[in-house]
Every structure is written in C-alpha cells, then in structure tokens.
Amino acid sequence: MSERNQYHSTTSADTRWYGLFSRGSRDWLRHNEKVREAVRDHVMDIAAEADVLSGSGERRVQVPVRFLEHHRFKLAKGKQSKGVGQGKVQPGDVLRQGQAQGEEGGKSGSGSGEGGLEFVLEFKVDELVEWLWEELELPNLEPRANTIDEDDFTRAGWDKKGARARLDRRRSMKESIKRRAVQPEGPIFTNEDLRYRQLVRRPRPSTNAVVFFALDVSSSVTERERRLAKTFFFWALQGLRREYERIETVFVAHTVRAWEFPEQEFFQARAQGGTVASTAFNKVLEVINERYDPGRYNVYLFYASDGENFADDRQPAGAALEKLCPMSSFIGYLETGRTVQSDYQTETSRLFQRAALKGFPVATYPLAEEGHVWAAIRHFFRRQAAEQEEVQV
Amino acid sequence: MNEKLKEYTERLEALGKELGLDYYPVDFQLVPPAFMMEVAVYGLPVRMPHWSFGVRYIYQLVQHRMGASKIFEVVYPGNPGRAYLADTNTVEENTLVVAHVLGHADFSKNNLLFRRGQEEIGYHIVEQAAAHAGQISNAITEHGQERVEAVLDAALGLEQHIDIHKGLRRPRYPEWEEVPSGEVEDEFQARYGKLLEEVPASEPRPSRRRAAIPPHPEHDLLWFIAQYAPELEDWERDIFLMVREESFYFYPVFACQIMNEGWASYWHARLLREADFLPPDLYVQSAKTHSDVVRPYAGEQQVALSINPYHLGFSLWEEIVKNQGLEAARSIMEQDDDFSFIRNHLTEQMARDLDLFDFSARRDGRIIVDEFDIDAIREAVLLHKFNFGAPRVAVTDLRNDGTLELRHFSEIDGRGLDLSSARKVLEYIHRVWRRPVQVETIDANGEKEIIREGFGPREVSASR
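Residue numbers (my numbering), protein chains in the order written: chain A, 1 to 393; chain B, 394 to 857.
Be aware that one or more of the hints could be misleading.
Result set (SDA-like, lysine to any residue): computed pairs, CA atoms no more than 25 Å apart in a straight line [as the list claims (entries may be wrong)]:
1) A/K82 / B/Q620
2) A/K74 / B/F802
3) B/K817 / B/Q620
4) A/K323 / A/K358
5) A/K74 / B/E840
6) A/K230 / A/R242
7) A/K82 / B/P418
8) B/K817 / B/D631
9) A/K74 / B/G807
10) B/K778 / B/R688
11) B/K778 / B/D794
12) B/K410 / B/E727
13) A/K88 / B/K681
14) B/K841 / B/D790
15) A/K74 / B/D674
16) A/K323 / A/A368
17) A/K77 / B/K681
18) A/K34 / B/A526
19) B/K681 / B/E727
20) B/K397 / B/P418
21) A/K74 / B/P418
22) A/K77 / B/D763
23) A/K77 / B/R688
24) B/K817 / A/A76
25) A/K74 / B/N716
26) A/K74 / B/P442
No lab work stands behind these hints, which were simulated from the structure alone. Fair warning: this is a prediction, and the values are worked out from it, not measured in the lab.
Using the sequences plus the hints, can you model the full thing?
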C-alpha cells in the first residue's frame with residue numbers, strides 16, 4: 001500500500017478507439033426505436049391526423065413527437081419556489097416577468113427542462129398501413145385477379161426484324177459469335193445477327209380499381225363527423241391499394257346538389273342545405289359512365305352521411321342505388337353520428353339495407369366515434385378477404 | 394501525451410506534495426471531446442446502456458454545438474484515480490486541468506464521505522461500472538432488450554433512493570422478533586382471559602413472532618426491492634444492486650460538489666501561482682482559463698439565477714485559508730459535506746461580498762429578489778441537494794399478499810409528489826415487483842392521496 005501511495009502518476013498512451021463507437025448514439029437510437037413503438041401504439045391517432053388521402057405509399061407523414069421522459073419521483077410544483085442567484089441587484093427587483101402561460105424558466109433543477117423538446121419523425125404511409133394491419137389483425141390481401149380482362153403486351157421471343165428500341169444486344173452478340181465461329185474471317189456484325197425482342201398482345205386480368213368517396217356536406221354534418229369519415233376513407237384507400245395495382249379516386253360532395261372535387265378541396269367543402277342522396281349517386285353514375293367502364297374497373301363506393309335524407313328523395317335515391325349496385329364490387333355506407341345500439345333507422349340506412357337484402361355487396365357501418373372507424377375498417381377488409389377466398393376456391 | 398505537459402505534470406505533482414497534497418496516483422488520459430461528452434452524460438466512462446442516456450446525450454450534443462458547454466476534465470476517485478483530459482485542449486488549458494485534477498484527487502482521498510464510499514465500493518469504480526455494463530449487455534442477449542429495459546427503467550428511475558447511512562452491504566431484516574415478556578399475545582386474551590378461569594391457559598406463549606417488514610420506514614428503495622420483491626429473478630436483482638452500487642459511488646460526488654470543485658479550483662490556482670517553472674505566457678493563458686471556469690456569470694450577463702459551484706466553492710476556500718490557515722482548511726475538507734460547509738462557512742459577509750441574493754420564482758415565471766437573508770440564501774443553495782435531490786419516499790409496509798406500500802414524507806418536503814410522474818414510477822416498479830404497489834402522498838389541497846398500480850378492482854375498494 002505504501003508503494004501505491006507514492007506520488008507517482010501515469011499517463012496512458014493516446015487512445016484512439018474512443019471515436020470508433022458512441023454509446024450515446026447507441027442509446028439515442030434505442031430511444032428513437034422506443035418512440036417509434038410508442039407512435040405505433042397510437043397509429044390510429046396518427047392515421048386520423050394524416051394529411052394525405054391519395055398519393056402513393058411512398059409518401060411520408062411527419063409526426064411531431066416528444067422526447068420520452070424517464071420518470072422519477074418529483075415534487076409537485078409549488079406556487080412559489082426559492083432560489084439563489086448572484087449579481088448586483090436590490091431587494092424587490094423583478095428579474096423576469098411572469099408569462100401568461102405557466103412555463104417555468106430554465107432555472108435550477110435539471111429534470112424540468114427535459115421532456116419538453118419536440119422532434120419530428122417521418123413515417124412512410126406504407127409503414128403505418130403495415131402497423132395498422134397488424135393492429136387490426138387484418139388478413140393480407142393478395143392482389144386480386146378479377147374476371148375482368150384487359151389487354152397487355154408481353155415479351156415473347158425474338159425476331160430478325162423490329163423496332164430499334166427493342167434490339168437485344170446480348171442476343172445479337174451471341175449470334176455474331178456463333179456466326180464467326182463458323183466463318184472466322186467474316187465481319188464482326190451483319191444485319192443477319194441482329195435480334196429484336198418481340199411483343200405479343202395478351203389478355204390479362206385487370207387490377208384496376210376506382211374508388212368513389214361521397215360525402216354529405218350538408219349543414220347537419222359536424223366537423224367531427226367529417227373527420228371520422230375522412231379517417232375511414234383514408235384507411236380504406238390505403239388497404240385497397242394493397243389489393244390493386246392501380247387505383248383512381250373520385251371525390252364527390254353533395255347537399256341538394258352534387259359536385260366532384262379534387263382531393264385537396266374535398267374536405268374543405270362545406271355547403272348550406274339539406275341532404276338529397278340521389279344527387280351524389282347520380283353524380284357517381286355519371287362519372288362511371290364517362291370515365292370508368294365497369295367492365296375494366298373494379299368500382300368501390302363509400303358514402304358518408306348522417307342519414308337524414310329527404311323523404312321525397314326515397315324513390316330517386318333507391319333507383320340510383322339499384323343502378324349502382326350491379327356495377328360495384330362493394331358499396332359501403334358510413335352513418336356518422338349514429339350509435340351502435342340505436343334501433344332507429346334513418347332514411348338513408350333503410351335505402352342501403354334494402355340493397356343489401358337484395359344480395360348486393362353493400363354494408364352499413366355506424367361511425368359515431370373513433371373506435372367505430374377501426375371496427376368498420378376491420379369489417380370491410382375481413383369481408384374482402386373472405387370474398388377473395390371464395391374466388392380462389 | 395505531450396512531452397511538455399508530461400513534464401509540467403511531474404513538476405506540478407512535486408509541488409503539490411510539498412504543499413501538502415495527499416492523493417493516490419492518478420492515471421491521466423487524453424481523449425477526444427466526443428468521449429468527454431459521453432462521460433458527462435453517463436457519469437462514468439463505460440456505463441450500462443439505457444435509452445434515457447440517449448436523451449441526455451442529445452441535449453448535451455445540442456448544447457455543445459451551441460457552444461454553451463465545454464468540458465475540461467473528468468476525474469474518478471480511486472486507486473489509481475483516473476483523469477480524462479480533452480485532447481483538443483491547449484497545453485495551457487491542460488496544465489491547469491492537471492493542477493485541478495490533483496486538487497480533486499487530494500479531496501477524494503481525504504474527505505470522509507468519499508473515503509467511506511471507496512472503502513465500501515472499492516477503488517476501481519471505472520472498471521466496476523464497465524463490468525456492470527458488460528453484465529447488462531449479456532443480460533440483454535439472454536433475456537431480451539424489453540425485459541432488461543423494464544428492470545433498468547425501475548432501477549435507474551429510483552437511483553437516488555438509497556440510504557447511505559445504512560451502508561452498501563447490509564443484512565436482511567430479522568424475520569423473527571422476541572416477544573417482550575409480559576406482553577399479552579392478543580386482544581381476546583387481554584380482555585377475557587382473566588374472566589374465564591376454567592379456560593386453561595393457552596399453549597405456552599411463543600417466545601418469538603414474525604417481525605414486521607420493514608420494521609421502520611425504509612428509504613433505500615433499491616435495496617428493499619432487490620431483497621424483498623416477491624418474484625424478482627436473480628439477474629434482475631443483480632441489475633438493481635449494480636445500479637445501487639453506482640448510486641453509492643455518485644452520492645459523495647453529488648453531496649460535496651461545491652466543496653470539491655472549490656477545492657480543486659483553489660489548488661489549480663495556487664499550484665499555478667507557485668509554479669515558477671511555468672513559462673510566463675503559459676501562466677497568463679492558464680489564469681485566463683481559470684477566470685473562465687470560476688466566473689459567476691455566463692457570457693455577458695451580469696446577473697445569474699443560479700450559483701456556479703466552482704466560483705462559490707473557490708471563494709469560500711480562499712477565505713477559509715486566508716483566515717484560518719491551510720491546516721484548518723484541510724480538516725474542514727476532510728470532515729464536511731456541502732450541507733455543513735455552506736451552513737458553517739458561508740458567512741453573511743461572504744454572501745454580501747459575492748453579491749449573492751435570494752429570490753422567489755412564481756409559477757408563472759415571475760422572479761423577484763427577496764430581502765437579503767443569509768439563512769434563506771444558505772438553504773436555497775442547498776435546496777436541490779437534500780436526500781440526493783429526490784423527494785423522501787420510503788417503504789412503510791410489505792403486506793402478506795406481497796403488496797408494497799410506499800409513503801412520501803410530504804411533511805418534510807413541504808409538498809406532495811407530482812402525481813403523474815409518481816404514477817409512471819409506480820408503473821416501472823410494478824413491472825418488477827409484480828404485485829400491487831401503492832404510494833401515499835398529498836395532493837395540491839393537502840388531502841391524502843394514494844396512487845395504486847396493479848390492484849384488482851376488489852382490492853382497491855377493500856383497501857379504501
């Protein structure tokens with residue numbers, strides 16, 4: 001011990017390995033992973049916030065998140081706290097003015113400042129959809145091969161003639177080598193060597209779909225109800241996107257008249273007036289006839305309304321719906337504001353029920369609160385999966 | 394290490410010895426600033442992984458980028474002591490840092506709190522912490538990140554809740570206690586035993602009975618959970634004990650910060666002043682660094698709302714050595730911690746000379762300077778140091794069904810717990826305790842408030 005007590009210090013050789021890895025970054029990454037997990041648990045809330053409806057799955061959603069806080073026991077904030085400072089001041093001097101909002105300044109206490117900072121995490125919409133699928137325990141849908149056929153060009157064999165753009169260099173080179181093996185003195189390339197890829201026209205099952213989102217924007221539908229509808233629309237679309245190669249969307253809003261909107265304006269649309277559902281159905285029919293041949297497109301229609309359709313409209317709306325039903329793969333009716341238990345049937349829900357009874361693929365979902373959105377989504381996609389199995393069997 | 398710095402180090406050590414410094418040998422290492430920054434975050438050069446360090450790391454990184462903090466040195470007590478110097482510092486800066494480190498080394502070998510800590514933990518905290526980190530990495534491989542993290546969430550969340558007075562290694566409570574003679578064993582006997590003489594006296598009275606656990610409020614929560622958690626696995630217990638050991642190491646550093654930094658600053662100033670072998674321009678440069686370190690205000694500000702412990706400690710030591718001599722100062726250094734140091738040696742005159750003032754901060758952020766009151770100033774300096782900076786929470790009962798009862802001593806702390814964070818901490822504890830856990834405190838109106846975690850609905854109503 002006495003030897004150790006001698007005043008003899010050492011200096012270690014310069015150490016270079018410290019820079020090689022960083023514990024701090026490792027733990028920071030782990031923190032972010034945990035944030036992602038936490039975000040994942042709230043995937044449904046984020047989904048509701050998501051500001052995108054159409055667009056590809058590559059699109060990203062930015063989610064502001066707080067740093068996770070590692071909690072400890074701490075005292076409740078008192079009305080007043082004491083501190084000590086240093087400097088030339090007089091008793092009674094006000095060193096900082098109070099703010100309207102009770103934000104405690106960065107004075108003493110180390111823990112108080114942490115946990116307040118926000119940063120932004122980016123999520124791919126695809127990623128969110130993936131999580132949601134797990135969260136809702138939804139089946140994975142195969143890209144659906146419908147009975148509807150569509151012509152497509154496929155590659156099939158080679159020819160000595162063809163368009164320059166389809167010249168197969170590798171093939172041509174091979175031919176040239178083969179030829180020169182027989183006639184070593186010959187030119188490197190002759191026209192005889194060239195090979196062109198050939199295309200053949202072949203029918204292929206269609207994987208196109210068009211999704212109509214129709215929204216009742218009459219004055220009786222509240223902002224909250226629109227949000228619920230929007231959330232449903234968003235996730236239904238994301239889910240369908242897993243099924244179809246190409247999806248087109250059409251947005252229709254209606255009161256006593258119906259209009260087609262671009263997506264950006266759709267959810268801002270607001271109008272005065274009552275609800276005449278037939279206008280929306282007719283608008284959808286019109287668009288289908290103009291642009292989307294049901295022979296080539298799988299048609300989906302989602303209609304959200306509070307169900308207070310004018311009684312006078314019962315006949316026209318019923319007729320329009322019956323025209324729509326045979327050309328649609330699915331029609332979903334979202335009744336906002338309705339509670340599950342309610343026995344009371346609204347005008348609109350009766351319309352859809354009648355269609356469902358006739359054996360058309362129609363379903364009605366109540367949409368009074370967030371939870372209903374996910375129940376509806378789950379129901380809708382379970383149904384899609386069940387259908388798919390039927391088709392495959 | 395730079396040859397010149399090496400030479401200065403040797404000569405500074407010789408000078409220190411002459412002036413009475415007494416320390417274990419110090420191992421100096423030059424490391425990159427990134428390493429310094431991590432040490433500042435983790436408290437130890439190699440420490441267990443946990444996501445909460447990641448958060449602190451980012452804060453530190455941001456501060457560093459903004460130039461708000463510069464870390465000159467970190468030193469670990471032990472035999473040998475270990476000092477880390479930033480390799481980006483100039484030779485002038487590092488010469489000062491070496492002198493500063495010698496002051497710390499002297500302090501940590503002689504201060505009683507440090508001495509006791511090292512006797513208990515050993516003289517190799519750096520190596521031990523690295524071993525802990527290794528064990529925890531192995532635990533992660535074996536039991537998975539989630540499970541290890543659950544244990545660390547709880548253990549690190551409670552890291553301030555130790556009882557240094559009871560010591561690092563302590564036995565479990567006795568399970569049995571003697572029944573004091575003359576005490577009747579139950580209430581029935583006491584009331585009716587004498588009335589019914591034909592009833593034969595019950596069995597011979599047992600001489601011992603089950604002891605209550607804990608027999609008194611237990612403040613060492615880490616120890617209690619490690620010892621008494623009904624379903625804690627061995628590896629989980631090990632993690633709790635590792636965290637606890639590191640807390641025992643951190644306590645003296647925390648409780649002597651003002652004294653210790655002041656002492657080291659006093660010595661770097663004095664050693665440089667008396668080191669006639671240093672070139673004059675190096676001395677000037679070092680003196681400048683010195684004044685940067687011990688200045689009371691940040692940047693251009695003229696008023697600080699907190700105390701720079703370097704400055705306060707340095708000023709106090711200068712004063713003590715001037716008035717009472719070095720020998721008296723040394724014995725104060727050995728015996729005090731910040732509480733006694735501030736209360737005994739921060740005189741009214743000193744506080745006035747240093748322009749210290751006490752202030753009140755309202756919840757809305759308004760800060761107003763109070764009447765000068767030396768007692769208020771002293772207590773405000775110490776305010777965040779009591780009980781390792783944590784509210785006083787103790788185990789009051791371990792029920793037969795394994796329920797853990799905690800109580801917050803709000804009468805001492807003057808306020809109740811922050812309820813939402815207390816709830817989160819209970820969640821952490823419940824995940825390792827695995828039986829119901831509750832903590833009693835008071836709410837904003839002073840009413841009793843019990844937070845529960847893990848109780849079934851019936852148990853909650855029964856215990857109301």
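Now for the hints, and whether the structure bears them out:
1. A/K82 / B/Q620: 38 Å, violated
2. A/K74 / B/F802: 12 Å, holds
3. B/K817 / B/Q620: Holds: B/K817 and B/Q620 sit about 22 Å apart, inside 25 Å.
4. A/K323 / A/K358: 13 Å, holds
5. A/K74 / B/E840: 18 Å, holds
6. A/K230 / A/R242: 19 Å, holds
7. A/K82 / B/P418: 42 Å, violated
8. B/K817 / B/D631: Holds, at roughly 23 Å.
9. A/K74 / B/G807: Since the Cα atoms of A/K74 and B/G807 sit roughly 12 Å apart, the hinted pair holds (cutoff 25 Å).
10. B/K778 / B/R688: Cα-Cα ~22 Å, so holds.
11. B/K778 / B/D794: 36 Å, violated
12. B/K410 / B/E727: 17 Å, holds
13. A/K88 / B/K681: 23 Å, holds
14. B/K841 / B/D790: The given pair, whose Cα atoms are some 17 Å apart, holds under the 25 Å limit.
15. A/K74 / B/D674: Measuring from Cα to Cα gives roughly 49 Å; hence the hint is violated.
16. A/K323 / A/A368: 29 Å, violated
17. A/K77 / B/K681: With a Cα-Cα distance of about 40 Å, the restraint between A/K77 and B/K681 is violated, given a limit of 25 Å.
18. A/K34 / B/A526: 20 Å, holds
19. B/K681 / B/E727: 30 Å, violated
20. B/K397 / B/P418: It holds: about 20 Å lies between the C-alpha atoms, which stays within 25 Å.
21. A/K74 / B/P418: Not satisfied, since the Cα-Cα distance of roughly 39 Å exceeds 25 Å.
22. A/K77 / B/D763: 20 Å, holds
23. A/K77 / B/R688: Measuring from Cα to Cα gives roughly 31 Å; hence the hint is violated.
24. B/K817 / A/A76: It holds: about 14 Å lies between the C-alpha atoms, which stays within 25 Å.
25. A/K74 / B/N716: Not satisfied, since the Cα-Cα distance of roughly 40 Å exceeds 25 Å.
26. A/K74 / B/P442: With Cα atoms ~24 Å apart, A/K74 and B/P442 stay inside 25 Å; holds.
In terms of the numbered hints stated before, the structure departs from hints 1, 7, 11, 15, 16, 17, 19, 21, 23 and 25, listed from lowest to highest.
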